[in-house]
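**Q** So you can see what is in the structure, the chains are spelled out below.
There are 2 protein chains.
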Amino acid sequence: MKAGVLYSGGKDSSLAALMLSRDYEVELNTFVFNPARALPGVEKAAEALGFPHRLHTFAPEILDSAVESVIACGYPNEAINMVHRAAIDVLCREYRVVADGTRLDDRVPMLTRDEVQRLRDRCGCSYVRPLLGYGKPEIARLSERLLKVQYGETGTLENGDYEAEIREAVKARGMNPSVFFPSHHAQSLVIGRA
Amino acid sequence: MKAGVLYSGGKDSSLAALMLSRDYEVELNTFVFNPARALPGVEKAAEALGFPHRLHTFAPEILDSAVESVIACGYPNEAINMVHRAAIDVLCREYRVVADGTRLDDRVPMLTRDEVQRLRDRCGCSYVRPLLGYGKPEIARLSERLLKVQYGETGTLENGDYEAEIREAVKARGMNPSVFFPSHHAQSLVIGRA
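Note that the protein sequences, when read in sequence, are chains A and B. Just so you know, our numbering puts 123 at position 123 of the first sequence, and the rest follows in order with no gaps. Just so you know, our numbering puts 116 at position 116 of the second sequence, and the rest follows in order with no gaps.
Same shape as in the complex, but just chain A (with noise of 0.2 angstroms):
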């Protein structure tokens, strides 16, 4: 059975897509805003992992929506939530099994056990979270065990992040997203299997 992984090229998406390989046929998937935004690093991360990879572009609308989000609530969080039910949207049209990295300590993006229940009641999809069950040691322990991975924080790492594209479009507006972004964000970057 084919699965879609939604992909940053991070630890957690890509321990996920690991962990899911020895049971499903993983293709991994990255959303961007900008379809000319280059992830040289998202692709070699992906590469390294051995999985098929896909781009997709999100439709103009929702960078729009994201940015009016960040500015009305003064955070990220409900507009990082809305792109990534939107990016799982997607994918449901495109796989029966759709999956990503969420860990058991995420607050955001999280979906809620109704809302998966409900992904799977409109259209059939099982949404799969492989690191759901794990907490943060274990995820340190795993990744260790089976990654390469580089650390750094947002703007120095280059992933397939969704706060990357939503903070300059923020700042596009005239504003500056460090006043919505927390400041301190660690971001991680797959280099090879351990």
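The following residues of chain B were derived to be distant from chain A, with all beta-carbon distances above 10 angstroms:
no., residue
1, E27
2, A36
3, G41
4, S69
5, Y95
6, C123
7, R193
Derived pair list, reagent style PhoX-like, types lysine-lysine, alpha-carbon separation capped at 20 angstroms:
no., chain 1, residue 1, chain 2, residue 2
8, B, K148, B, K44
9, B, K2, A, K136
10, B, K136, B, K148
11, A, K44, A, K148
12, A, K148, A, K136
13, A, K2, B, K136
Derived from the structure by calculation, the hints contain no laboratory data. Note that the structure is predicted; figures quoted are calculated from it, not measured. Think of the CB as a built atom: it goes at the ideal place given N, C-alpha and C, for glycine as much as any other residue.
Following the hints, put chain B in place on chain A, whose structure we already have.
**A** Frame of chain A, contents of chain B only:
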């Protein structure tokens, strides 16, 4: 790293053990109230999986509390949760990583995220649920792929479920357990690897 898995011989805990065994050294642990209770079906299931299997007996007051909770509440959910936590507490004293077969769709037993984090803070123990990110259709797909399973109602299948012994203890107090327990409760027993 060694992981102690709470094991009933059923489909879910067997699947969790198999999936976990790809990254951890799995040991299966079954809890009973009555130390004289024989569990040949569970022993055989553990043997079929090929992992070491240990039997534990609960402290006698656990059964009394469970029966009192069932009678006081009028349904067994709180009791099952309490007994499950007692088993996890025992395993947390013996393993750094403790796991079980809890799935996304389970209502009981189910620890909240806060309870899992408290367990980690209190005793440094990782409580892991390899199936938590998987819904019913994927659990069915995976268990069909990896296991041979026998299905039946409580009472017709002899697995290591807590329910059978709590029912007996309720009966021993002169009450009819059917008043408190749901009338249909599907059970499973693993009889081999697929």
